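> Sequence:
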Amino acid sequence: MVVFSSHENKEFLVEKILKSYSNIFDKANADRLSQIKRDKVKHAVVYVGMGTCGMIAGAGKTYAAIEKYLQDNQVDAEIVKVGCVGLCSVEPLIDVQLPGKARVSFHHATEDKVESLLNSVFHHLVVGETVLGQYQHAGHEDWPGIPGIDQLPFFAKQHRNILRNSGIISPYSIDDYIAFGGYKSLYKTVLNYTADKVCEIVDQSELRGRGGGGFPTGKKWALALGTGSDQKYLVCNADESDPGAFMNRAIIEGDPHRVVEGIAIAAYAIGANNAYIYVRSDYGQSLLILTSALNQAKEYGFVGENIFGSGFNLNIHIRQGAGAFVCGEETALIASLEGKRGIPQSKPPYPAEKGLFGHPTVVNNIETLANIPAILENGPSWFKSIGTRQSHGTKIFSIAGKAQQTGFIEIPMGITISEIVYAIAGGVKDNKKLKAVQFGGPSGVCIPVQDLDTSIGYESLQQIGSSIGLGGIIILDEETCMVNLSKYFLEFLQKESCGKCIPCREGTRRMLQILEEITRRPREESTHETLERFKGVMELENLAEVIRDTSLCGLGRNAPNPVLSSLKWFREEYEEHIFDRKCKAGVCHDLRTFYIDVENCNGCNVCQKKCPENAIIGAIKLPHFIVESKCTGCGICFDSCKFNAIYFK
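Heads up: the sequence shown begins at 1 in my numbering, then just goes up one per residue.
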């Protein structure tokens with residue numbers, strides 16, 4: 001169902017922006033706007049979460065099942081593709097809005113549940129375990145007995161500013177974005193403010209970079225604006241390569257025009273006529289949505305020549321990166337944009353003075369730029385009113401690992417890590433105990449239980465040796481081996497090192513070798529080799545500190561963090577691996593010792609046949625035994641035993 005043609009919508013919505021600061025937007029136009037926003041609907045609307053997480057969970061099949069249902073039952077309804085609302089662990093998600101009724105959301109809405117679910121809703125009956133909540137609205141009748149979405153524990157403590165449209169509007173529709181107030185800030189900026197005034201407003205808001213370092217955004221912009229050049233560039237860093245982090249992707253897939261508007265305002269503020277969005281090539285869905293959003297923005301005149309008749313010109317280009325972790329560093333990213341190998345450069349000069357193709361360049365990540373439209377709309381004081389005295393605004397985090405609820409959230413600065421883990425994420429799943437929280441991605445730190453009352457903020461996290469980073473949070477339960485986890489992250493960082501500086505290139509390799517040695521049972525090791533291994537272990541902490549102090553860029557300086565933090569809080573696990581040659585969690589396969597319970601073993605001989613090392617002896621129909629000196633801990637016997645006769649310590 002289409003209420004108006006796209007051409008009619010374009011003229012109407014652009015006019016809405018132009019008249020947004022006057023009183024001539026009359027009631028008739030307000031009613032029309034309400035229909036575009038779907039505040040008032042004449043027919044049913046079905047919203048399907050089609051973000052990457054939803055697609056992986058089967059949202060594509062759900063969408064096809066909805067189409068078939070509507071066609072088979074001749075139901076006059078509109079289907080709208082939306083991004084993820086953030087609760088990724090319960091995808092696929094679908095919402096249904098009936099005329100006059102509140103929009104109601106359903107979780108785990110797989111294709112096999114579509115028919116019964118829609119049957120009940122279209123008969124004004126909402127029951128069942130798949131009901132998530134409803135979006136309460138002043139003009140809509142509530143469904144009885146169903147909580148509001150914002151009352152659910154996952155959403156109750158959030159402050160959704162950047163994510164306010166995610167999962168609500170269609171990322172494929174510029175009309176939706178404008179109807180919800182989009183591009184009004186761009187109009188206000190280019191027609192009412194000079195470039196230096198925009199830099200001043202952003203500086204007054206005290207917005208800091210959301211990509212890791214936390215450098216004041218307004219100061220970076222002012223430096224670029226004040227540097228003389230015939231060409232300047234704005235670069236949006238969407239190269240999200242942290243394992244377990246997916247915030248950039250979620251912002252693009254949920255509300256791409258917010259990113260485009262933020263880029264346009266930032267480019268105007270620094271005097272740039274060209275902007276680049278640097279996206280990972282494997283973010284196929286994000287690339288499609290971004291490309292569509294840019295084409296729509298050009299069609300409506302928000303990007304291109306003479307924007308809003310102001311004389312401001314802007315071209316936005318999309319460039320794909322190979323997903324190199326080091327290209328998250330701004331000078332390496334710039335080198336990649338220039339067609340060179342992504343290698344960090346020493347600073348100064350800073351990119352704001354001499355960056356892309358030798359011209360002043362500002363590099364901001366997506367979350368930083370997505371904050372800009374709201375700051376220009378509401379003012380710097382509004383932004384500073386959120387958060388703490390030292391850290392203002394909100395921060396988006398992704399929650400992964402062993403949490404009850406995984407996904408991405410937007411919380412006000414000042415909330416504690418404990419509130420995120422227990423109140424929002426619901427604690428640890430399967431009733432396991434929380435062991436630690438890996439905070440800040442692969443180059444972040446593990447935060448023990450005793451520090452969970454630390455508040456989210458730049459300074460408060462620095463006090464416990466951490467940083468906000470990109471925003472990845474991994475929940476670790478009691479079955480996690482901290483040594484193995486450190487080895488996993490170090491292996492990732494060592495592979496991602498550009499190799500330019502020796503401390504990072506050789507130091508991370510040596511640290512990885514040491515961790516591999518202590519998670520592996522020595523085989524026929526000579527006395528000299530044993531001595532060398534213990535010597536390496538003794539120097540592990542010193543080596544990590546040297547790498548941190550002497551590396552060229554942030555990758556090398558932060559690479560030792562997982563090892564140093566886990567050594568600090570879980571040293572006994574390292575000692576257990578080194579001296580006892582055991583892994584209490586049973587994660588390090590080479591340190592597992594397998595045993596056969598003779599009471600349960602019936603001598604079926606399956607394990608003996610499958611053992612690649614001939615380490616199992618015993619006669620058929622009699623209990624078997626494992627020769628420990630031959631066992632490599634591969635676990636094949638454990639997996640093949642059907643009688644629970646094999647266990648490990």
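It is worth saying that the hints were derived from the structure and are not from the lab.
One or more of the hints may lead you astray.
Heads up, simulated DSS-like pairs for lysine-lysine below, C-alpha to C-alpha not over 27 Å straight-line [to be verified]: (1) 37 to 219; (2) 347 to 184; (3) 432 to 219; (4) 568 to 584; (5) 402 to 568; (6) 68 to 81; (7) 347 to 219; (8) 188 to 157; (9) 402 to 582; (10) 184 to 384.
Just the calculated beta-carbon pair ranges, DEER-fashion [said to hold, decoys possible]: (11) 112 to 43: 55 to 61 Å; (12) 150 to 357: 54 to 60 Å; (13) 157 to 499: 38 to 44 Å.
Keep in mind it's a predicted model, so treat the numbers as computed, not measured.
Cβ atoms here follow ideal geometry from the backbone N, Cα and C, with glycine treated the same way.
> So which of the earlier hints does this model not fit?
Those not satisfied are hints 1, 2, 3, 8, 11 and 12.
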